[in-house]
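Student: Join the two chains into one complex using the hints; note that each chain is given alone, in its own frame.
As a plain string of letters, each chain reads:
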Amino acid sequence: MLSIKNLHASVEGKEILKGINLEIKAGEVHAIMGPNGSGKSTLAQVLAGNDAFEVTSGSVTMHGEDLLEKATEERARDGVFLAFQYPVEIPGVSNLQFMRTSVNAMRHHRGESEMNAAEFMKMAREISKQVDLDPAFLKRGVNEGFSGGEKKRNEIMQALMLQPKLAILDETDSGLDIDALKVVSDGVNALRAEDRAILMVTHYQRLLDHIVPDFVHVLAEGKIVKSGGRELALELEERGYAWLGIKDDETAASSALSNSAN
Amino acid sequence: MKPAPSLLSSAFLQPAGQALPAPLLALRKQRGAALVDMPMPTRKTENWKYSSKYLKLTDEMAVSLPTAGKTGSALAVPGYKVAFINGVMVPEASEYPDLNDILIQRFSDLSDAEASELAERLDSTLDAKAVQFAGLNTARFEDGLVIRLKPGAVLDQPLFIIHEVTADASGSAFPRIFVEAGRNSQVTLVEEFISSGQEAVFVNSVTEFTLAEGANVTNIRLSMGGENVQHIGATGVTQQRSSRFESHCVGFGGPLRRHDLRVRLEGKGAECKLNGVVVTQDTQHYDNHTTIEHVAPNCDSEETYRNIAADKSHAVFNGRIHIHPDAQKSNANMSNKNLLLSTGAEIDTKPELEIYADDVKCAHGATIGQLDKESLFYLVSRGIGLREANVLLTMAFINELVAQIPVDAVKDTVQIRLNQFFDQAFQEV
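Line order of the protein sequences matches chains Z and E. Under my numbering, the first residue of the first sequence is numbered 154, with each subsequent residue one higher. Under my numbering, the first residue of the second sequence is numbered 5, with each subsequent residue one higher.
By construction, these hints were calculated from the structure, which means they are not laboratory data. Quantities reported herein were computed from a predicted structural model and do not represent experimental measurements. Ideal placement from N, C-alpha and C gives every residue a C-beta, glycine not left out. Treat the hints loosely; a few may be bogus.
What the hints assert, rightly or not - A few chain E positions that, by computed beta-carbon distances, are all more than 10 angstroms from chain Z:
1) V40
2) A97
3) Q109
4) A134
5) R152
6) P162
7) G201
8) T222
9) E231
10) S339
11) S346
12) D362
13) G369
14) A370
15) Q408
16) F425
What the hints assert, rightly or not - Where chain Z lies over chain E, by a calculated footprint (3+ residues, C-beta under 8 angstroms):
17) 374-380
18) 383-391
For reference, chain E alone in the conformation it holds in the complex (with noise of 0.2 angstroms):
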């Protein structure tokens, strides 16, 4: 007999707050309903089959953190803020302009029937059976918020979306964004991950983004939360004929990290960009899982990931491109390195490609190797140290995307991290 498979403790299907609009209230029950006897992923569940393992939630976790009270840190950012704090807006450490243009409204503050259409398009952009955990946020969001772009709005800074959890006691959160970009609108999203406290915590993210004709989005996220938190993010994208999606992630590892990456190009000559850094160390792990849909023709897509794993860490990418039949002239290159910094560490990494169509361009390489021999001996032989070396080597690595980030004070943020990361990394060279 088959031991029964482990189930979604029931604990984690009961969503805190009810001072949302009753479609959206009606919405999370629906789809709590849903998640009742949800298999847990194990190692034979094929898109969790290298992170199963690091994924330990327990029912402490499963309270969502407490909202009331907390203002989380002051951080100072060079453009507009929204703050997040344990899943929920917090309007009093936020700052931006009120704009006639550009809504950003929290899900509690809509009008039944906005909400009403809201329910409607929230997890429209993201595959529920392929991102299993996306249907639990909606199960349990407390709040939410929802950025709209009218025609032809452009946010001119970018606008910071700080989701912090306060783990002093174990629980959960839930945040979860919609950005509705109007035609030819154009907004840069950052949205950073941190945490503060140190008891083990669960962060179940989503945030999506609907692109129409002409919408220009470029979303940079940064994963930094503690060694306590377990973090599964989805984001989810669908774009219109001609609009452009960029992003960036950058992921520093942690007990569990998990982002799901949906991009469908469902209008003629769409593109997205996706670029991906990964570092992780110690026991760390990261997985990034990726899926650009090329649904409508003449879409380009063009994905570069790199991964860094030291230590005995573990980081996984698996990358799939999907062109369907009519995405002729379809366009697609993914690119994956791969960079061991030790033996006990562990990358796996895989490209999958669904091509349907007949005039398409798709090319794809994925690699893993360690820092080059010869190269690190030309860089001591110049008098450089040998730790020194490794660094440069290293962040040669990932350079190119780390220098492509379009907000710099993001950038330095991100070199902060990586020069801790190589500290450690590099410690006893």
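With the rest of the complex left out, here is chain Z (with noise of 0.2 angstroms):
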């Protein structure tokens, strides 16, 4: 469904991303797990499309189409889906008004006609309550004083309205209690789908104890170092990423401050 052949990527003149190869499957589970800068949050926004990072080459394509010819909007409706890291918060837009237009744009794309708003409202209160949110919210600005945990729901939300062919989880888990991981994790594993792929971004091992990956990547200075099955993340756990040749923060931190010191 998805290749990635030799991806480079950079960011106001600096690369990030160094040559990154990966094929996911439909139905599969992918894992990328790295220490922080490694470059697993640029890998997610450029696959969605953000503009602020410049793919310097290498070639990214979905079910055969090139990916990065097509502007966000129509990756989008292809069906790709970025769960942010840090979600925006939008005052004066209401989460209603933004999610309706939202499907309502992949339904246009599809040759489907638009929802109403009865339609939307009935859809929309059954996956606030699959993800725990209170349908009061919809009223409210996107994302406008939620709590961490409630914007990571929010985009689970997002997900399950859609419908992707491509969920990509940028650090999902991060920011939230044990309870609302589970409420995530259960979003996350009700999108599982024979004609679905999802690609998690995590720092931490927590979450693949909730969602189960076929494949688990890691990634370091821009390059997957190892690829593995479920069993890797494991290990990383055990034995951190110093395992494998990768300075983590805290090492690196260590030497920055030790070459300042010299």
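Tutor: Laid out in structure tokens, this is it:
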């Protein structure tokens, strides 16, 4: 379904992704792990089409079509969904207006008629229950005044509503307490389907206890340095990134300190 | 040697119509005499600094536009209607019931005694020095309208005043309205400025409100004239004890748009709420100057203005709050936020606070920015088109103020005009 070949990307002239190769088939769940600064979020943003990142070489195809030449909204309409690590707050646009506009943009793209307000509300109410959000939130501004956990649940709610082909989850577990983690994981597991792929980006192993991946990849300094099955995540948990010869934050920070001391 | 300052052309001091009662003719003449040698604003005139270059009056525009035989657009309104055409009220095009406690009269229908009383009060809500062009309206009005609400009078529906100029030829119009809201009276007055025809015209309007104790007045003002209309308008308000004035000014840009809004809180416990939305595009201009005078103690003022400028347009906001020495326990809040939709657009904002009392709460804030890139990315990442995402975010900037407009039909009119604005502002997106 998704084929990433030798992908290089940079931001403000600094190369972050240095040749990513990854094949994802429909029905699979992949986890990308790695220390902070390894390029995990950049990969997620590049796939979704954030033009703050410049793709300098390589290719990405989805269902055989060149993904990189499509605008962000076209990728979304073709089924790419990014659950943001830090969803933005947009006061003045209600969640309801936002989601309905989004759902109808997708329907329009598929040549289906728009959903009317009543139909939409019915669907929105049901799904908001599934992620344990009070439907009253629909009237508030997009993510406005939401706690970190509510924002993450709102992302999953949108994924459930839009039923993407490729769901990319960027640090969806960060900032969640154990109950919220359960709600979010149940939501993601509900997304698992034969015709859908899920790509999870995470720093920690704990999410993978709830959403069991088919493949785990370790990203370091812009490259995938190791791939394996779910046991790879457990091994990382036990032995840390240093086991793979990767500097993690703490070692990087302390070496920077000793450099400046010299 | 300094070059001689440019003066208001004497052509602008020839009023039309002699149908007014003697005291008002005398007032008009007196104001006209005072304006001989009036210097035209320049970039060095502080309160016209950003706008003087847009003011382009020619002698062809000086003559009063004809009023005879004009009926104007047959605009249906959900309420009572008073039609002004080229600055003069046209009874045949107006529709409102005969009410005992609310009097709506043309200046020309007043008795000499009533006219004399009115002549005393005209301009009393405005400061002639600060609002230079209000005096020109008094020197030129051809007729005018006085609306008097007796104590306790409540108008059950909004009163729409449709100010139309028919610009089939060059000329000018000087609509004048004086509203006297008696004790505990209530009224919602909607003023819509519109135009037809394509010739260059000048509109110089003044609307005054005096609110007696406990009066409650809502004024909605829509400025929607064409690209051939230069409009300088002023609204003056004085408020007595425990009265409330609420204003919603929505302005669409033009070659020159200037609105001065002055509110004097003269009685204890009076409050005013001033909302303003301005959108400009192409090479349009719009300038809002507001002044709130906290004269009496325990008064509240809340002011919220938003400007959106696209293309190479230019919006100006100058908001002054003046708290007088006796105005203890004043509570004043002013917020002005500005959105630039292109790099060629310009917005100038200047909050001015003058505080002479020590026990007051006074806050102000002004910001200028562009649409947030992250928010745009978030919206398009959900399949929403870039154009629609731009519209959603721009609308979000003024949603709150549009939603507060208390007459639904006006809200709809505003939304239709805003959609036209978005269509053009984001056509290349």
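Student: Indicate, hint by hint, whether the structure satisfies it.
Tutor: Verification of the supplied hints:
Interface exclusion of V40 of chain E from chain Z stands, the closest Cβ pair being 50 angstroms apart, more than 10 angstroms. A cut-off of 10 angstroms between C-beta atoms confirms that A97 of chain E is not in contact with chain Z; the least separation is 39 angstroms. Its beta-carbon lying about 43 angstroms from the closest one in chain Z, Q109 of chain E satisfies the requirement of being farther than 10 angstroms from that chain. With a closest Cβ-Cβ approach of about 34 angstroms to chain Z, A134 of chain E is found to remain outside the 10 angstroms limit, as its non-interface label requires.
With a closest Cβ-Cβ approach of about 40 angstroms to chain Z, R152 of chain E is found to remain outside the 10 angstroms limit, as its non-interface label requires. At roughly 26 angstroms from the closest C-beta of chain Z, the C-beta of P162 of chain E stays outside 10 angstroms, upholding its exclusion from the interface. Under the 10 angstroms C-beta cut-off, the non-interface status given to G201 of chain E relative to chain Z holds; the minimum distance is some 37 angstroms. A cut-off of 10 angstroms between C-beta atoms confirms that T222 of chain E is not in contact with chain Z; the least separation is 23 angstroms.
With a least beta-carbon separation of about 29 angstroms from chain Z, E231 of chain E lies farther than 10 angstroms from that chain, consistent with its non-interface assignment. The Cβ of S339 of chain E lies farther than 10 angstroms from every Cβ of chain Z, with a closest approach of about 14 angstroms, so its non-interface assignment holds. Interface exclusion of S346 of chain E from chain Z stands, the closest Cβ pair being 18 angstroms apart, more than 10 angstroms. Every C-beta of chain Z lies more than 10 angstroms from that of D362 of chain E, the closest at about 35 angstroms, which supports listing it as non-interface.
Distance check for G369 of chain E against chain Z: the nearest CB is about 15 angstroms away, which clears 10 angstroms, and the non-interface claim stands. For A370 of chain E, the requirement that its beta carbon stay farther than 10 angstroms from each beta carbon of chain Z is met, with the minimum near 18 angstroms. No beta-carbon of chain Z is positioned within 10 angstroms of the beta-carbon of Q408 of chain E; the least distance is around 13 angstroms. Against the 10 angstroms criterion, F425 of chain E stays outside the reach of chain Z, whose nearest CB is about 17 angstroms from its own CB.
Residues of the stretch 374-380 of chain E with a Cβ under 8 angstroms from some Cβ of chain Z number 4, which satisfies the need for three, so the listed coverage holds. Beta-carbon proximity to chain Z at under 8 angstroms applies to 8 residues in the stretch 383-391 of chain E; the threshold of 3 is reached and the given coverage holds.
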